[in-house]
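Chains as they are written, first to last, in our numbering: chain A, 1 to 461; chain B, 462 to 749; chain C, 750 to 1005.
Keep in mind the hints are simulated off the structure, nothing from the lab.
Backbone N, C-alpha and C define an ideal beta-carbon position, used for all residues, glycine too.
Do not take every clue at face value.
Output of the computed footprint for chain C on chain A, the stretches with three or more beta carbons under 8 Å from beta carbons of chain C [stated by the list, open to error]: (1) 68–77; (2) 82–89; (3) 103–117.
Below, each chain spelled out in residue letters.
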Amino acid sequence: MANQDVIIDIRHLSKSYGDKKVLDDINFQIRKGEFITLLGPSGCGKTTTLRIIAGFVEASDGEVLLEGSDISGIPPYKRPFNTVFQRYALFPHLDVYDNVAFGLKLRNLPEERIDQLVRRALKLVSMSDYESRDVDSLSGGQQQRVAIARALVNKPQVLLLDEPLAALDLKMRKDMQMELKEMHEKIGITFIYVTHDQEEALTLSDTIVVMNEGRIQQIGTPTEIYNEPQNEFVADFIGESNILNGTMVCDRKVNFIEHEFECVDEGFGENTPVDVVIRPEDIYIMSKLEGAQFTATVKSCTFKGVHYQMFVDTDKGYELMVQDYNAFEVGSTVGLFIKPFDIQVMRKPRTCNSFEGEIIDSTHVWILGESFECRETSLEPGTKVKVDVEFDKIDLQDHQEEGTVDGEVHFILYKGNHYHLTILTAHGDHIYVDTQDIWDKGDLVGINIAPEDLIITECND
Amino acid sequence: MKKFLAQSYIWIVLILLYSPLIFIAVFSFTESRVLGNWTGFSLKLYENLFSGGMNGSSSLMSAVKNTFIIAVIAASLSTILGTIAAIGIFNLRGRRKQTMQFLNNIPMLNPDVITGVSLFLLFVFLGFSQGYVTVILAHISFCTPYVVLSVLPRLTQLNPNTYEAALDLGATPSQALFKVLIPQLRPGMISGFFLAFTMSLDDFAVTFFTRGTIGLDTLSTYIYTDARKGGLTPELRPLMTLIFLIILVLLIILNVHQARQIKKQKKNEKISKYSAGSGFSHRLSRRS
Amino acid sequence: MIKRSNWSIPYFIFLILFVVMPLVLVAVFAFQDGSGRFTLANITRFFTDKDALATFALSIEIAIENTALCILIGYPVAWILSNKKYNHSTVTIILFILPMWINALMRTLATAELFNMLDFNLGKGTLLYGMVYDYLPFMIYPIYNILNKMDKSYAEAAEDLGANPWQVFWKVTFPLSIPGVASGILMVFMPTVSTFAISEFLTNGKIKLFGTIIQENINSSMWNYGAALSLVMLIIIGITTLFSHKEEENMEEGLI
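If we strip away everything but chain A, and leave its shape as in the complex, we get:
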């Protein structure tokens, strides 16, 4: 990437509201003319990032460079950016024409020039006939067009779009996506687009920045993001996927669902635990069993318009999602096959829970902001310790009062034969849990750990 190509450079951007960190060390560059999308679930920090670029929010730390110079202190009205707001924010006291002319009038351009530019902008979004209409008499899609015209007429260097299509119905959204893409190609300015809709991001963008919990998870082209997710969050968030526990036996050989598969990955070491991602359309399904790598029973089959989506139980009892153009009868036994380059192997971020703590007395240890009973220890009270707990050794209770610590189910992954949950405790710690039980995101839970499951080791430093 040539450096003079970069229009916006975001460096070490952080933002906290009180104790809550909504952005944590965000770094990325935006090239001139690029269509870049910030993608993530609600509350991931994508809108905050956009608002910092626009100038509505001040960053707690870090800087935004526009063509090499820091713009942190510059108020929004002096920045060469314009925004298309989530709910359009068209001025209800002005008609369509005056909404679009708003920015031009502030710059004291001559009447005729304004007139010319407004008409051109309205023509670009095919709203020429609506000049004197009240903005409230317009449909959602029409308001959307006016909002785009209002921003573009000022000839910004960068157009910021904050979930601009979120309020439209599906059909309208698809149409507007195509129009936006065409518009981007026609005008050639940089678009920064914020959305939580992964399909929209994949369709529109040159580059996608996937965010979660204030951090960047992955930056790449749509193809890279889809085919080579770097972690289980991206794999789960973008498209449908099967995420499974596996072991890298050696280079180019991985074991999961209790079968060994050839793959293309190297350099993980031998017998390393890994996460494996397989897209449902990458699993080949056939009725004959010879030549198959493993067999399975079809549990359900649903027509999804173009393809059929099936859930199958493998011979070793794992559940997989499979997509194919042909339907297979429920209850029938099928053969399955996965090609080496369709297997995406990811390093596991952790293999067990690991908490920092302190010994209270011979049978209690202080972790997660509470006192936990543990096996008798000879360590002195006050000793700093590391406490490990296996994922499946954490006991979740329906009622918060029944647990030593309470928390909320924050993230759920299905791993073929069990769920991998991320629990956010009341004190802000993360606990990872493997369980067979079904929980919902947002469920409030009590957390217990049996004394014998706390594995305590003394910290040396």
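We have chain A; now place chains B and C onto it with these hints.
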């Protein structure tokens, strides 16, 4: 700097707004019968107010009592009348609904003097002897619209099927009304009651014209006559101070309570949003 | 099933009896002489009575001045209160609306007594001060409400399009807050025109407003003339209501 200017402006206006009240409150702690004349700290005026000892203060206490009795009766009757009316209006359509809403608006837009004079003329015309009953009727007439306006939005939010569900489950219409409809309308009725109650407490002009000549006094009319005679009864000072404090405390409690409700609501919303957004619902639903 | 729309009938009868009838009676009395015969004398008497006309004009003048002062003083207060940068506490807001709950006569008397103690000359100045003092909260509250509920993205959009803070206010915030100002005017102007007692207290009886004249006529049993004066006021009120109501409705439609 801007913040400093903004805040000083706010405080200057507040000081101007409160200086008379504070002035009265300060001089409620002295015995002097003339305002502005400090004769040392004393709780005598408070004692007088409650014991009814000094001349004039017993009629003051009876005025306070009248004010409250009238307000409680008027607000209660308005709440009943207004709730029934709101249910009726909600079920009306077209022209008739518009007419009712228009009529309901009149007492709210009418200046007190006009309401007072017009009701006075009515009672004269009908030959009613004026007193407690006419004052209460008058108060109901300007309080009920506020109850209607508090209950109507509740009805709009209501799921229309709950009443039918109750009937379907075997409730008689009156059981359905008291066990299903009224409980759901209660918040609107309560805020309507309090609005009516404060409107009634506050009223001067309407009471003035409809109380007749039997010597019925509410706090407002008492103050009016008193001031026309020249000078405030000193016992009004502690009374005003107490009313001020009670309202302050009530408002703060109400607001804290409201803030908590809002917080609770937000939390609930958050939870439901999360569970709705669960990406694995397709698997969960299939399993259950 | 009983028709639930019929539930409005008791209230309808009540309204006819205690709201419509009295107003009709005002009109009837206004066009009658003491013995119940039709006459225009009461109306013509008002339009030929210099004192009454002068009082009427003064009432309107004071009401306009009071309303204007309340907007001038109250709008900045409402704006500051609704601005998160300058105010985070609900207590300040409570402090501003609290006086609305205290008996207006009591507050007025307190003000008059304070002026008395400070040896101020009671007159038009003190009357206006007292009026502003009495009605300011009624102006602040609706404006604060609308500013507080206003979608912040309008201001942001304006800023995004190149408006500096001053331009944001005059081109977006203020025009969008006009419905609040309109209901503030409704809550201040009309009561001021019709007020009585307040003006007497604050000027020691020196200045009489229209409301006072109505009250005096009724109290001295000149019902027909009192009714005629009330009718005049009713018409004024009707016109202002219609006017500000239209404004409010126009803007409300625009806000949704």
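Quick rundown of the hints versus the structure:
{"no.": "1", "hint": "68–77", "in the structure": "holds (count 3)"}
{"no.": "2", "hint": "82–89", "in the structure": "holds (count 6)"}
{"no.": "3", "hint": "103–117", "in the structure": "holds (count 3)"}
Checked against the numbered hints listed earlier, the structure breaks none of them; every hint is satisfied.
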